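Peer 1: One-letter residues, chain by chain:
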Amino acid sequence: MKNVLKKWTSLSKNSRDGFINYGIVIVFFVIFQSLLSTKSLSNSLSGQLVPICVYVVVALALNLVVGISGELSLGQAGFMGVGAFTGVIVSTCLQSSISNGPIRLIFAIIFGAMIAGIAGLLIGIPVLRLRGDYLAIVTLAFGEIIKNILNCLYVGVDSHGLHFGMVDIPSLGMEADGITIINGPMGAVGITKISTFLAGIILVILTLVIIQNLINSRTGRAIMAIRDNRIAAEACGINVTKYKLIAFVTSAAIAGAAGALYGLNFSTIVPKKFDFNTSILILVFVVLGGIGNIRGTLIAATVLYILPELLREFADYRMLIYAIVLILVMLVTNNEKAKQLINRVLVKLKLRKAKEGE
Amino acid sequence: MKKKLLSVVLAATMVFSLVACGSSESNSSAEGASSESVATTTDASGDVAPAGDGAVTGTLKLGLIGPLTGGAALYGTACANAAQLAVDEINAQGTGLTVELNAQDDEHDAEKSVNAYNNLKDWDAQAIVGCVTTTPCVAVSAEAYADRMFMLTPSASSTSVTEGKDNMFQLCFSDPNQGSASAQYIYDNGLATKVAIIYNNADAYSTGIYQTFKAKADEIGLEVVSETTFTDDTANDFSVQLNAAKDAGADLVFLPIYYTPASLILQQANTMGYAPTFFGVDGMDGILDIEGFDTSLAEGVLLLTPFAADATDDLTVSFVNSYKSAYGDTPIQFAADAYDCVYAIVAALNFYAEKNGALNVDGMSYDELCEILISVFSDPNFSVDGLTGEGMTWTAKGEVNKAPKAVVIKDGAYAGM
Amino acid sequence: MLTNLINGISLGSVYAIIALGYTMVYGIAKMLNFAHGDVIMIGGYAAFCTATYWNWPPAFAVLFAIVVCTALGIIIEKLAYKPLREATSLAVLITAIGVSYFLQNSALLIWSSNPKSFPNMISIPSITVGSAQISGTAIVTILANIVIMIALTIFTSKTKVGKAMRAVSEDKGAAQLMGINVNQTISLTFAIGSGLAAIAGVLLCSAYPTLMPTTGAMPGIKAFTAAVFGGIGSIPGAMIGGVLLGIIEIFGKAYISTQLSDAIVFAVLIIVLIVKPTGLLGKPVREKV
Numbered sequence: 001m002k003n004v005l006k007k008w009t010s011l012s013k014n015s016r017d018g019f020i021n022y023g024i025v026i027v028f029f030v031i032f033q034s035l036l037s038t039k040s041l042s043n044s045l046s047g048q049l050v051p052i053c054v055y056v057v058v059a060l061a062l063n064l065v066v067g068i069s070g071e072l073s074l075g076q077a078g079f080m081g082v083g084a085f086t087g088v089i090v091s092t093c094l095q096s097s098i099s100n101g102p103i104r105l106i107f108a109i110i111f112g113a114m115i116a117g118i119a120g121l122l123i124g125i126p127v128l129r130l131r132g133d134y135l136a137i138v139t140l141a142f143g144e145i146i147k148n149i150l151n152c153l154y155v156g157v158d159s160h161g162l163h164f165g166m167v168d169i170p171s172l173g174m175e176a177d178g179i180t181i182i183n184g185p186m187g188a189v190g191i192t193k194i195s196t197f198l199a200g201i202i203l204v205i206l207t208l209v210i211i212q213n214l215i216n217s218r219t220g221r222a223i224m225a226i227r228d229n230r231i232a233a234e235a236c237g238i239n240v241t242k243y244k245l246i247a248f249v250t251s252a253a254i255a256g257a258a259g260a261l262y263g264l265n266f267s268t269i270v271p272k273k274f275d276f277n278t279s280i281l282i283l284v285f286v287v288l289g290g291i292g293n294i295r296g297t298l299i300a301a302t303v304l305y306i307l308p309e310l311l312r313e314f315a316d317y318r319m320l321i322y323a324i325v326l327i328l329v330m331l332v333t334n335n336e337k338a339k340q341l342i343n344r345v346l347v348k349l350k351l352r353k354a355k356e357g358e
Numbered sequence: 001m002k003k004k005l006l007s008v009v010l011a012a013t014m015v016f017s018l019v020a021c022g023s024s025e026s027n028s029s030a031e032g033a034s035s036e037s038v039a040t041t042t043d044a045s046g047d048v049a050p051a052g053d054g055a056v057t058g059t060l061k062l063g064l065i066g067p068l069t070g071g072a073a074l075y076g077t078a079c080a081n082a083a084q085l086a087v088d089e090i091n092a093q094g095t096g097l098t099v100e101l102n103a104q105d106d107e108h109d110a111e112k113s114v115n116a117y118n119n120l121k122d123w124d125a126q127a128i129v130g131c132v133t134t135t136p137c138v139a140v141s142a143e144a145y146a147d148r149m150f151m152l153t154p155s156a157s158s159t160s161v162t163e164g165k166d167n168m169f170q171l172c173f174s175d176p177n178q179g180s181a182s183a184q185y186i187y188d189n190g191l192a193t194k195v196a197i198i199y200n201n202a203d204a205y206s207t208g209i210y211q212t213f214k215a216k217a218d219e220i221g222l223e224v225v226s227e228t229t230f231t232d233d234t235a236n237d238f239s240v241q242l243n244a245a246k247d248a249g250a251d252l253v254f255l256p257i258y259y260t261p262a263s264l265i266l267q268q269a270n271t272m273g274y275a276p277t278f279f280g281v282d283g284m285d286g287i288l289d290i291e292g293f294d295t296s297l298a299e300g301v302l303l304l305t306p307f308a309a310d311a312t313d314d315l316t317v318s319f320v321n322s323y324k325s326a327y328g329d330t331p332i333q334f335a336a337d338a339y340d341c342v343y344a345i346v347a348a349l350n351f352y353a354e355k356n357g358a359l360n361v362d363g364m365s366y367d368e369l370c371e372i373l374i375s376v377f378s379d380p381n382f383s384v385d386g387l388t389g390e391g392m393t394w395t396a397k398g399e400v401n402k403a404p405k406a407v408v409i410k411d412g413a414y415a416g417m
Numbered sequence: 001m002l003t004n005l006i007n008g009i010s011l012g013s014v015y016a017i018i019a020l021g022y023t024m025v026y027g028i029a030k031m032l033n034f035a036h037g038d039v040i041m042i043g044g045y046a047a048f049c050t051a052t053y054w055n056w057p058p059a060f061a062v063l064f065a066i067v068v069c070t071a072l073g074i075i076i077e078k079l080a081y082k083p084l085r086e087a088t089s090l091a092v093l094i095t096a097i098g099v100s101y102f103l104q105n106s107a108l109l110i111w112s113s114n115p116k117s118f119p120n121m122i123s124i125p126s127i128t129v130g131s132a133q134i135s136g137t138a139i140v141t142i143l144a145n146i147v148i149m150i151a152l153t154i155f156t157s158k159t160k161v162g163k164a165m166r167a168v169s170e171d172k173g174a175a176q177l178m179g180i181n182v183n184q185t186i187s188l189t190f191a192i193g194s195g196l197a198a199i200a201g202v203l204l205c206s207a208y209p210t211l212m213p214t215t216g217a218m219p220g221i222k223a224f225t226a227a228v229f230g231g232i233g234s235i236p237g238a239m240i241g242g243v244l245l246g247i248i249e250i251f252g253k254a255y256i257s258t259q260l261s262d263a264i265v266f267a268v269l270i271i272v273l274i275v276k277p278t279g280l281l282g283k284p285v286r287e288k289v
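Residue numbers (my numbering), protein chains in the order written: chain B, 1 to 358; chain L, 1 to 417; chain S, 1 to 289.
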């Protein structure tokens, strides 16, 4: 025991923080899984578990771009959409050959991440030349373009393989036994649900592993150096474009993986879901959790996802209250006076605790 | 004695409710239905069999899912309002059955809709009216299918809503029905030689009708000269689409879209001096009631709709009046559909009770109620007269059978064709 | 071709007038006011109510809308943005989104989700040029654009307050040292931006007369794009960006695909920004080490 404790204190603050994050996720999982298996969890909450995991992962990924790399991205939902549709296509194609849901889900997530990563790379190369708000608007533009193209995308599968088209289903020229996978704006319908809470938690942990290790690596330090002072970083011989691109593509790929999990959790998904509003929602999670703060993102995404559901009893006033809460939280956490007030209270509490400890 | 008295009262109220469901235009059929129900109920009260008195008792917990906020709030709110109206009426009748309604917001989003559904399950809902819009409905019906929860949607019209799910029924026409019926109607009545279509390609409802319309038009030889689209993000300016239709010489423009963009299309066509025949579908209903809309612009517009708010039959008039006095707006077709949904579910319970003696829904589990409702709705003898159709029956697939009505807008009001 | 061009200019002029408000606030306060579109929507409703329910003449209805929006802008600024003056720009951005949700949902509760048809306030006949027609609304919108653009340019370059605004925009700290009340200047910018939103609201609703709680959202984003296109912060840039965006949208629809028109608009935007990273008329940012 003592050894463990010793080892713990000998760890750097960063890795300790990392382990605490894993701990939080695992504790969350254990609590909710046991509640689930004893059926003592409300339907409402149990239905939200997978989406919570999805949004936590996407928000963590966005935090990598916004917090660590310091670029405002407003198109995160686009990558999620790419991942979601890829995941659905992969899962539907494999349905006949692999009947095991979890294995199919793994394939779907891997492919979702890959394609979204490629999309991220293609978009990142031109985009990352821009800076600040211009970069933000271009990511917004790409998000909208992805949505728009998904809206015109028709995909089917038959014995000859996959068919892609931009006009409509009949023009795909499929054989009679062909299955329509994506039907333009109607999206994918009749998806077999294979996402599970366990898969979601594993994805969250994987994301944490990737992001925390990235941050604490040489690459991560280079990325943060660019964020803090681009010119100084450049002068030190850091390849700005390369490192920015690493952060951006990693973020896109993770968002794609989460998208695949998301797509396979509902029996239907439509391109419209992955629009600007969803991107903004994810950004809200990141900013409210504290830019660059991993644990904050974990908590903010979870709490903010559940909040509108908890407000359901207010009926018509639900979204109004949500808006007010959002504004108030931003004011309280970002206003100097409010911050000082909170700090003072915290210090007092700590003092009291310390006294009690004596 | 008490029981007998009760059954007489119940029989009377049931007759009343059935008459209320029928429309005066079809007095004969409504009377037929009511006399039937009188016959069955007297039968039931006549032999004092242990089977019961053929009445439905208890409290039914109905959930409703629809967009109450966001861009599609209009449709969800109309449904929630009208369903509440129907529930209040049923409760005021004082039969043994009371209905509780809980409307939950889904923001026209599949994910939120599933959340809303789960929330309703926590509330112990026994059946669902909804979802109002197609995409959420596909998502929720899959959940409900796994759970065995009965769903009757007022307005989610895509076939993918009901496909492969025996617990899911529609009260509105399905998209293929509407699309091909429209093409057939245009062709049969020689309304046009060249047709242009403007549809919303970001909307499942609109694209669904467009696809079936196009297929039918190709099949019967109706020439489609221009097909243009818009999305919710570009639903402001229709000059390009209208010019394309005009340049192609279309004499009829088919608008399988909702009435809000349709009103803009009419206004812009008028500004540019283009006056073809406009042909709409059920989503077009409501266009005359946009506050401040110049109804002369809609003169001559044809639409295929099961409900018209200015129809003069008693049922529609009383519904429109009570809706107006309760909520201040003229009800749109969605409202009528949702109103019918509530009555259809109650009628189904009555139907079952008559056949099987009695039915107490108090605390009945949703899967138990689901099997009952499925059996009734797939029963070819079960028919409902409502605002949106007389003698509506359902196929086991979940689609409704009712006749589409074509109406034309004349002097700012609907007129039958 | 001519018809499409004119339609494009008409649509673009509506984007331009919204973009002017965006660019004004961004240029001086350096914040993306995502609630701008919703202030426009409120302006539309204000004008609608006065004109339809109280039968005010159009001019008064517009004035009333301006008063309402200006007041609203001042209140929002005081309650939501002012406390965040020292916070990061992202915090302000999220607050603006919160304000946007708030306004939309308030409108939903006040005016219900049923669409309202905006009364015709502009009774200028349309002009026929060759085979094409320019509607009265479009003429008024274009004129309003030019007037506002010139007025704003003169205001910011000639008047004392305007110069103060430019100073704040250049360097807040230095402006403060020169005795400029930075807080007040930014508040004033918001007031003006919101007043412009009211005019934009009336013109937007006159051109596309359907009024719903979500009316402002999408034009808001498009106008934001237009502002960036022209170089955000630049007043003539907003106008040019708006008009060009409208033309591209209409031409994209007419000659390429109505399905992909938004993708085309955004693709052009991306290309422009890659070639000219600060927009068409944007000032290149010099970096100091």
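FYI, nobody ran anything at the bench for these hints, they're computed from the structure. Take the hints with a grain of salt, since some may be wrong.
Partial selection, computed: residues in chain B whose CB lies under 7 Å from chain S [unchecked claim]:
| no. | residue |
| --- | --- |
| 1 | 17 |
| 2 | 19 |
| 3 | 20 |
| 4 | 45 |
| 5 | 46 |
| 6 | 130 |
| 7 | 134 |
| 8 | 138 |
| 9 | 145 |
| 10 | 214 |
| 11 | 280 |
| 12 | 315 |
| 13 | 326 |
| 14 | 331 |
| 15 | 335 |
| 16 | 340 |
Since the structure is predicted, the reported quantities are computational estimates derived from the model, not experimental observations. A virtual CB, placed ideally from N, CA and C, is assigned to each residue, including glycine.
Peer 1: Can you give the numbers of the hints that this structure goes against, from lowest to highest?
Peer 2: 1, 2, 3, 4, 5, 10, 12, 16
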